[in-house]
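Protein chains: 2
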Amino acid sequence: MNNFTFQSATRIVFGKDTECLAGTEVKRHADRILLHYGGGSIKKSGLYDRVIASLNESGIEFIELGGVQPNPRVSLVRKGIELCREHDIPFILAVGGGSVIDSAKAIAAGVPYSGDVWDFYSGEAKIEEALPVGVVLTLPAAGSEASSSSVLTNEDGWYKKGTGSDLIRPQFAIMNPELTYTLPSYQTACGAADIMAHIMERYFTNTADVDFTDRLCEATLKTIIENIPLAIRNPEDYAARSQIMWAGTIAHNGLLGTGREEDWASHAIEHELSALYDVAHGAGLAVIFPAWMSYVCQHNIPRFVQFAVRVWNVEQDFLNPERTARMGIEKTKEFFASIGLPVTLEQLGIKDDRLEEMADRCTNEGTLTRGSLVKLGKSDIIEIYKLSRE
Amino acid sequence: MNNFTFQSATRIVFGKDTECLAGTEVKRHADRILLHYGGGSIKKSGLYDRVIASLNESGIEFIELGGVQPNPRVSLVRKGIELCREHDIPFILAVGGGSVIDSAKAIAAGVPYSGDVWDFYSGEAKIEEALPVGVVLTLPAAGSEASSSSVLTNEDGWYKKGTGSDLIRPQFAIMNPELTYTLPSYQTACGAADIMAHIMERYFTNTADVDFTDRLCEATLKTIIENIPLAIRNPEDYAARSQIMWAGTIAHNGLLGTGREEDWASHAIEHELSALYDVAHGAGLAVIFPAWMSYVCQHNIPRFVQFAVRVWNVEQDFLNPERTARMGIEKTKEFFASIGLPVTLEQLGIKDDRLEEMADRCTNEGTLTRGSLVKLGKSDIIEIYKLSRE
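Chains as they are written, first to last, in my numbering: chain A, 1 to 390; chain B, 1 to 390.
Hints may contain errors.
What the hints assert, rightly or not - Cβ-Cβ distance ranges computed for the label pairs, FRET-style:
| id | chain 1 | residue 1 | chain 2 | residue 2 | range |
| --- | --- | --- | --- | --- | --- |
| 1 | A | 330 | B | 207 | 52 to 60 angstroms |
| 2 | B | 334 | A | 229 | 31 to 39 angstroms |
| 3 | B | 9 | A | 2 | 17 to 25 angstroms |
| 4 | B | 63 | A | 112 | 54 to 62 angstroms |
| 5 | A | 112 | B | 9 | 34 to 42 angstroms |
Just so you know, the hints here were simulated from the structure itself, not pulled from any lab data. Just so it is clear, CB atoms sit at the ideal spot from N, CA and C, and this is done for glycine as well.
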């Protein structure tokens, strides 16, 4: 187990009707906010009206900025930064899923920064200050509601990059599982893949003596695996929706990675898919993660055996550990397919003519390696893309 | 699953040599502190010197108040409050285990309060303000390093009572597992019983649809059950000590109780033992908890079956669930005995001449009930004391 520091200070306000507390929660921080959201779904569902009513009741003034797209764009973030500066706004309320929250975090970091906000994503600058952000969550997936990270897409070259700082962890996250009833089953499934990937990026480590966080990871994975099929079968299953929503937050607030080296190669490999083909992040992960597992598995067979046995209840083949390990990978892929996700590039409609270009971009033109369970260079990443073809 | 709010903002600084960061961590909050600790063990071990060196290096002035006893007393707390007021001290650093931390929290709440600090424990007043507290932890047990609670003993009548508020959650907790190498095995075992009890008080609930927190509870219990025997066999097993220490914090920072009704009858029943006989809290819990389980088990057999199967790997008797449930309870008791803890009042040297008096005190002269899995009145509590006799 490695030394670590960990602080996840986001106040979680969880349960039915909690969006009506938005005004009260904001009021602890500010009287004037930027209200940030995505497309029309929060207006169609009535959530927008309920949040506005709650803000009005608490006497909160707001400027609106909607229009966040999936794989949120830096251009809209720049617009948000301008708006906040112009109206001297000290707080941002994000109403939506991971894209809206990540966009809000980017605006929050950009407002007090004199350079261009993309600097935080390209690695040219570190976040030293940020406006506080609050969240009303509508989609359990990215875990951004209590995480220190934000991922953004730059239309100039279609780069998708992440940044992180405890300064952009939301102050509060309002989480009402009922708000997820209207999610189409494909989006529910994409969310599951994203949540599971956040756990697996931490689970597959070479760090020794991490029993406790191993078990927390397994507990969280099993919760998702058991509840997602229930939520897909009955979208208004409160029990299932609430387990998924809370597990999705814990999957990515940092707890499950305490004391462990994390991997994150699969995320980097997937980001190139999302960036070039604008596929849903979760769908891309469902394709890439099993391929990554197959490629690296032999470097740490015992860990993949533990994953197979404890997470998937695979009957262990004591004489052939690799067989057990590979059965766990197969189960993962089968699960993704069973909830309606693509598991091959072909199913995503992606041809293999840009695999090398993606591997190049992923390794910043071949100079960087990715991952920590196994260090991967450009040729490894090409192999993983190839394994994910069909 | 119930609605909940949850915020555990304590900054965890975990790992080898982290006590040398005490000065740096304090410096974020104050330049002048009360340094609060227990008996001579931190001086004997050299920890005291290392903390002082770190404080000096960061230019932190300090007033000292040592002498906290196990089952910490309100008289010393009152002295601490006077000291802080006299020297206008804005921050308290607790170096020790749960008793020292609970004493520090009481001082922190008492300083800005015009009445007597015991009011918070008797239920006559609510904490509205408190000085910030920091912790260097030496004993994984009470979980007080990141919890919102504090338990104090009033020598006037020997009452032991608890209070709670997010305002007394420590700002930071420095946790170096190496500091626990010198703990006698009995204290290690008492700590285990305390940690397990914190989880089980939350686990045994009637709240439906709490799969996720169930699994987190099971993960944390299994971590303790697997690692405690290793730490007792080899006190300098860093891997085991670190798993125990981190699991002990998560057991009681509130996460495992999110969305669930909690019980806490066993703690209330045990507090009377500690108050009247000054027994170690963990030892008292090892005696009381299995007796409580036996008494209430038939009210929620499926939950006790899940506990037996998932936590203790009991082979399920599908035709006789109660038999499986009772095997889980037996395993719990056997485990406590196997790590050297008493499991009967007799082994604690406690006669049965004051059982009724304790039941009376526990229910505030018979007017209150305890517990939520099953509401327990005075006569129930007498039965539980009787079940724990031998």
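Quiz prompt | Earlier hints that do not hold, by number | solution = 1, 4 and 5
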